[in-house]
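The listed protein sequences correspond, in order, to chains A and B. FYI, the numbering for the first sequence is 1 to 258, going by this note's numbering. FYI, the numbering for the second sequence is 1001 to 1281, going by this note's numbering.
Don't read these hints as lab results, they were simulated from the structure. Please read these numbers as outputs of a predicted model, since none were measured by experiment. Just so you know, even glycine gets a beta-carbon here, dropped at the ideal spot from N, CA and C. Any given hint might turn out to be false.
Stated by the list, open to error - Quick list of the computed label-pair ranges, beta carbon to beta carbon:
no.: 1; chain 1: A; residue 1: L186; chain 2: B; residue 2: S1095; range: 39 to 47 Å
no.: 2; chain 1: A; residue 1: L186; chain 2: B; residue 2: L1184; range: 40 to 48 Å
no.: 3; chain 1: A; residue 1: A166; chain 2: B; residue 2: R1010; range: 30 to 38 Å
no.: 4; chain 1: B; residue 1: E1274; chain 2: A; residue 2: A166; range: 14 to 22 Å
no.: 5; chain 1: A; residue 1: E60; chain 2: B; residue 2: A1251; range: 55 to 63 Å
no.: 6; chain 1: B; residue 1: L1277; chain 2: A; residue 2: S196; range: 32 to 40 Å
Listed below, chain by chain, are the residues.
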Amino acid sequence: MTEPASTLVSLQGIAKVFANGVAALSGFDLDIRAGEFVSLLGPSGCGKSTALRLIAGLTEPTQGRVVWPGSHAADHRGEIGFVFQDPTLMPWANVADNVWLPLRLRGVSRRDARTSIAESLALVGLSEFAKAYPRELSGGMRMRVSIARALSVRPRLLLMDEPFAALDEIARFRLNDDLLRLQRNLRCTIVFVTHSVYESAYLSSRVAIMSPRPGRIVAEVAGETTEERSADFRTSPRYAALCGRISQILLEQTEGRG
Amino acid sequence: MTLSPVDTLRDRRSLLRILLPLAVFVAVLAAWEGFVRLRGIPSYILPAPSLIGATMVADWPLLSASLLTTLKTTLTGLVLAIVGGVGLAVLLSLSKVIEYSLYPIAVVLQVTPVIAIAPLLLIYMPQDVAVLTCAWLVAFFPVLSNTMLGLQSVDRNLMELFRLYGAPASQSASARFTARLKALWYLRRPAALPAFLAGLRIAGGLSLIGAVVAEMAAGSAGAGSGLAYRIIESQYRLNIPRLFAALVLLAATGIGLYLLLAALNHVLLRRWHESALAPES
Chain A
1 MTEPASTLVS LQGIAKVFAN GVAALSGFDL DIRAGEFVSL LGPSGCGKST
51 ALRLIAGLTE PTQGRVVWPG SHAADHRGEI GFVFQDPTLM PWANVADNVW
101 LPLRLRGVSR RDARTSIAES LALVGLSEFA KAYPRELSGG MRMRVSIARA
151 LSVRPRLLLM DEPFAALDEI ARFRLNDDLL RLQRNLRCTI VFVTHSVYES
201 AYLSSRVAIM SPRPGRIVAE VAGETTEERS ADFRTSPRYA ALCGRISQIL
251 LEQTEGRG
Chain B
1001 MTLSPVDTLR DRRSLLRILL PLAVFVAVLA AWEGFVRLRG IPSYILPAPS
1051 LIGATMVADW PLLSASLLTT LKTTLTGLVL AIVGGVGLAV LLSLSKVIEY
1101 SLYPIAVVLQ VTPVIAIAPL LLIYMPQDVA VLTCAWLVAF FPVLSNTMLG
1151 LQSVDRNLME LFRLYGAPAS QSASARFTAR LKALWYLRRP AALPAFLAGL
1201 RIAGGLSLIG AVVAEMAAGS AGAGSGLAYR IIESQYRLNI PRLFAALVLL
1251 AATGIGLYLL LAALNHVLLR RWHESALAPE S
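Could you build all of it, start to finish, from the sequences and the hints given here?
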């Protein structure tokens, strides 16, 4: 019997109310275990991105706490990579310099970061575009650069905020598979915000479904294990059943409020 | 190597952009010359372009010295405006207290017409310093306001990335200050560059206007040696061809300054900023 994975980060009794009085989260509890691929799924405005920013330490909870237990407590910020919905690249810097940014901010020189930059670009298949500027790349390639930048710090936890929402279906499918391959190779934990039932069902080892605002976790659905993904999976009855189950819960939540 | 049809079209368009205004300019000069000659208009009323050209050559020692004076004032005023405007913009962007304290004063200086301030400056300062101050005053604000706008218009998500990856190691004031300096250098500085350069192009023209206005104010007080002073002097002496020649030199200075700053804009932004990219065919 395999030992259960240790908790990497735990969000306990979180409430978040913004300065304008909008309550984004209330009674939000979620444990992220090492090696998981957790999708946060919910209707627009339910606080998915807020939960992600809380984990990253980019905002503070109004109530509750974000706990990094055990060995992850010290300097957990150094272990996080973040990918936004937009690629958020510096237009004045070429691809290599964009990927260098997190390391540069931590005082790593260009020479010392060279290997890490090259490896990160190789992981996303952009080795030949190191000298290109963001405007010279397609939307999908820009997102790959954004992912490479997050990977440059070799994160234990990768936080992704609807990263493929603006891409066409083909680019999205390709990046979905690339992401699963990356997780297998790097053995990192991923928390992935999406409002796509199909994407969450395809990618996740666990789908955490949120209620409408103020958001909280109302159900968790176990996904398929990472090793079982293939192009055939998208057309399999198992995938259809999984999507159906997740959709049903999401619908009940939305209509329950409506 | 043969040119593609797209390249040929682009070359033809570039050529047209130069030739068309040049042709219009030559036509206007020819019409002017013909009008003056045919109607026999005296040169103290309206000199022909050929006479203006001849005066330019004949009076070149005098006019070139005046040009140098005006140019020196304009460029020094512009450099001081860049140093002061960028320096203050950085200070204002680092602290809201400084912004609230100093920005209104900068606005007051901007909205008060320089022509009204010039006589006062000439009373309180040596003439060359007063003229330089006028050039600086009018050029300073576009640099300040545009640089501030640029420094404050940074992508919010990029700022979040800086907070995540560049978070200070401790919460000490010096660590936080270092983190802010990093964000300023790596993020705000390049992000502000397009707005700063736009401000610089405005400031270049305004610096020349400031210098001319101050020289005129100084000239009417009976002293000075810049091109504006030559214009006033020529007007008093009814030497209208020299007045026109000085005016041509002033216009050429303005055009030269504009082209120089436009070229700088192109060199610094051509790889990444929309404003400097070649149109896609």
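Results of checking the hints against the structure:
Look at L186 (chain A) against S1095 (chain B): about 42 Å separates their beta carbons, and that is inside 39 to 47 Å. At roughly 33 Å, the beta carbons of L186 (chain A) and L1184 (chain B) sit outside the given window of 40 to 48 Å. Look at A166 (chain A) against R1010 (chain B): about 32 Å separates their beta carbons, and that is inside 30 to 38 Å. Range check, E1274 (chain B) to A166 (chain A): about 19 Å between beta-carbon atoms, so the 14 to 22 Å window is met.
E60 (chain A) and A1251 (chain B) have their C-beta atoms about 59 Å apart, which keeps the hinted 55 to 63 Å range intact. The beta-carbon spacing between L1277 (chain B) and S196 (chain A), approximately 34 Å, falls within the hinted interval of 32 to 40 Å.
Going through the hint list in order, the structure does not satisfy hint 2, though it satisfies all others.
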